[in-house]
Amino acid sequence: MEETLVVQNVKKTIGKKEIIKGLSFSLKKGEVFGFLGPNGAGKTTTIRMLVGLIKPTSGKIFVCGYDLQKQFTKAIQHIGCIVENPELYPYLSGWENLEHFARMLPSISTTRIQEVVELVGLQNRIHDLVRTYSLGMRQRLGIAQALLGKPTVLILDEPTNGLDPVGIREMRQFIRTLAEQEQLTVLVSSHLLSEIQLMCDRVAIMSKGEIIRIDTVEHLLKEQARTYWNVHPIHIAKQILKNETTVLGEKDDFIVTVYESNEVIARCNARLIEAGVSVSSIERKLPTLEDLFIELTGGETID
Amino acid sequence: MINLVYNEMLKIVRKKRLFIIAAIVAVLVSLFTYAQFKQVETIRERIGTTDWRTQLQQQIIDTQNRLNSTGISEEWKKFLKIRLQQQQYYLDNDINPMAPGAPTFMRMFIENSIELFLPLLVMVIAADLVSSEASGGTIKLLLTRPVKRWKILMSKYIAMILSTSFIVFSVAVLSYAISGIVFGYGGWNLPLLTGFSIQGEELNTTGVHLIPQWKYLLIEFGLAFFVSLVVGTLTFMLSVLLRSTAAVMGIMLAALISGAILSSMVSSWESAKYLFMVNLRLTSYVSGMAPPIDGMTLSFSMTVLAIWALVALIISFYVFTKRDVY
Ligand SMILES: Nc1ncnc2c1ncn2[C@@H]1O[C@H](COP(=O)(O)OP(=O)(O)OP(=O)(O)O)[C@@H](O)[C@H]1O
Ligand SMILES: [Mg+2]
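In order, the protein sequences belong to chains W and G. Residues in the first sequence are numbered from 1 upward in steps of one, following the UniProt record's numbering. Residues in the second sequence are numbered from 1 upward in steps of one, following the UniProt record's numbering.
Bear in mind the hints are in silico, worked out from the structure with no lab data behind them. These numbers were taken from a predicted model, which means no experiment stands behind them. No incorrect hints appear here.
Which stretches of chain G does chain W cover? Using the computed rule of at least three CB atoms under 8 Å from a CB of chain W, they are:
id	segment
1	10-22
2	133-141
3	146-158
Heads up, incomplete: computed chain W residues facing chain G, CB under 7 Å, no partners named:
id	residue
4	Val51
5	Leu53
6	Ile54
7	Thr73
8	Ile76
9	Gln77
10	Cys81
11	Val83
12	Glu87
13	Tyr91
14	Leu92
15	His100
16	Arg103
17	Met104
Pairwise CB distance ranges (calculated):
id	chain 1	residue 1	chain 2	residue 2	range
18	W	Pro90	G	Ala35	33 to 43 Å
19	W	Gly162	G	Ser165	40 to 50 Å
20	G	Phe300	W	Gly162	54 to 64 Å
Every residue gets a Cβ at the ideal spot worked out from N, C-alpha and C, and that includes glycine.
Kindly produce the complete structure, drawing on both the sequences and the hints.
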C-alpha cells in the first residue's frame, strides 16, 4: 500500500528541553492512525511539526513524497488539519470563513464549498456568524475547512474534544467513512483510549516525547486485556489456575490472569469447581487508559 | 496575491475598523470646525466685518514703505516683495485672510494631526493585523495553506498600506466636506508662502516663494501619508513580534506621546534627532516653523523615518518567515 506520510527520526528541542526525542513512523493510504498519550506527551507538538507550524530540530517529514521543509507548498497542499482548537474568525459567517480559506487554495469552486458544508452537516447554520456557533459546530466547521482542498492526509488534534456523545459517535463514523470511501489517511490524536479503540486501525502510544509502541489496536488490547476471577478460597484457586494459565497477581478479592480464549476459561472453571472452589464471577476486562499507561509508562506524571 | 489581499481587507472591513475610524474623524472635524468658527467670530467682533479690506490696504502700504526704506538686505527685500504679492492677491480677489475657507481648514487640520492624531488612527488598524491572528489562533490556519509565509505577510502589509491610504483620504475628504458647510468651499488658489529654512536662530528667507494652496495641500497630505506609512510599518513590526494587540498599542502610544513631549524639550539633546518620534512633524518644514533640534531638515527627517521603516520591515519579514508558531 502507498505511504502518504513518512516521519523519519524527528526531534524537537525547545530551549534546553528536548520535547520530542526522535519519532519515526509512516502512514498508509486509507488508514486511521491514532496518537495516544497523556497530557504533555508531545502529541500537539508533533502535529505542529507535521503541518509546518514549527520546524523540527532534526529529522525529515515527507508528505506524498514531498519534503515538508524543502517543498513546503507542494507538501502542505496534501494536508488538511485542525491543530488544537478549531479557531476560526468569529466575526465572519461560517460560509465566509470557508470562502476565506478557499481563496488561499488553488481553484476551489463554490460547489466544493457547498459539498464540504453538506459533508459535515452544517447547512442550516452556515450563514450565521461563527461567534454564535457552539463548540461542536465550530469543530464541524474546522473539519469542513480541513477537507476543502481535498487533502490526502487529514490531521486532527483531539477532534472529539467538546462534542456530545452523539457528536462523538458521528465524528467516529465520519472519520471511518473518509478513510474507507475516500481513501484518506487520517491521523487523530487523543488521550481517550475508548475513542482510539473504536476508530483507529493502528495506534502509536506516546509518552514524554517518545513513541513507546506502535501496533494495531487489536494486538494492543489483546495483550493488555485481563481476566478477573472472583473465587474462594483464593490460595487453592491460584494453585489450579497456575497450571492452566498465567497468573499475574491478586487484586482485592480477585485473581488476575492474562486474557484467555473461551475454551481455556471454561476448562479452568470446570477444574475449579471440581476442586470445590466456589466461583462467583469470571470477568474479562479490557484495559482502561489508566491501566494501559501505568503498564506501559510505569506511571508517569506530567512534568 | 490579489486573493490574499482581498481576504485581509475583508477582515479589516468586517471588524468595522475603517468605519469606526471614519466616524472618529468626522466627529473630530466637526468639533474643530466649531472651534474655528467661534474663533473667527471673536476676531470679527473685535475688528469688525467690513474693516478687513482697509486693514489689508494698510498692511500693503506698510510693506511698501519698508521696501523703499534704505539699509535693508537684498534677501529681506525679496521676501517683502513676495509678501506684498500675497497681500495684493488677497485684496484683488476679495479674500479675507482672517476668514478661512474649507481648504485652509484642511491645511490646519492636517498640520495639527500629523504628529499624533493621524498616527493613532493608523495604529488602530496596523496594531492587530498580525497579533490578532496569533492571539485568536487563526494564524495556524493561515500558515498551513499552500502559500509561502512571506506572501501571507506581504498581503497583510499591502492591506495596511491600503487602509492607511483610506485613512488619509478620508481625513482629507471629511475635513473638506464638513468644514465647508461653515466656511464655504472656496480658496484652492490662495497663494501661500513656503520655502523657509531655519539655520540656528536665523530665519533664512532666500528660498521663499508663493504657491497656490492646492499645491501646498498636496505636499502636506503627501507628507502626512508618508508619516502614516512609517508609523504603520513600525506598528506592523510590533504586531508581528507580540501576540497581544493591547501591548502593541501600548508601546506605540507611549512612543508617539513621548515624541510629542520630547519635541518641545530636546533642543539640547542632539542625538534625539535620530528617534523616529521627534521627526513626525514634517509639515513644519513646509510652513517654516523651527524644528525641535538644530540642523534637522525635511530631507533629514524623511531619511530618518525611511530608515526606521525599512529596518522594521526587514525585521517583520525575517521573524515571521522563520519563527515557530505555537
Ligand atoms: N512553546 C513551548 N515552550 C516550551 N515547552 C513547550 C512549548 N509547547 C509545548 N511545550 C512542552 O512540550 C510538551 C508536550 O506538549 P504538547 O502540547 O505537545 O502535549 P500534548 O501531548 O498535546 O498534550 P495534551 O494532551 O495536553 O494536549 C509539554 O511538556 C509542554 O510543556
Ligand atoms: Mg495537545
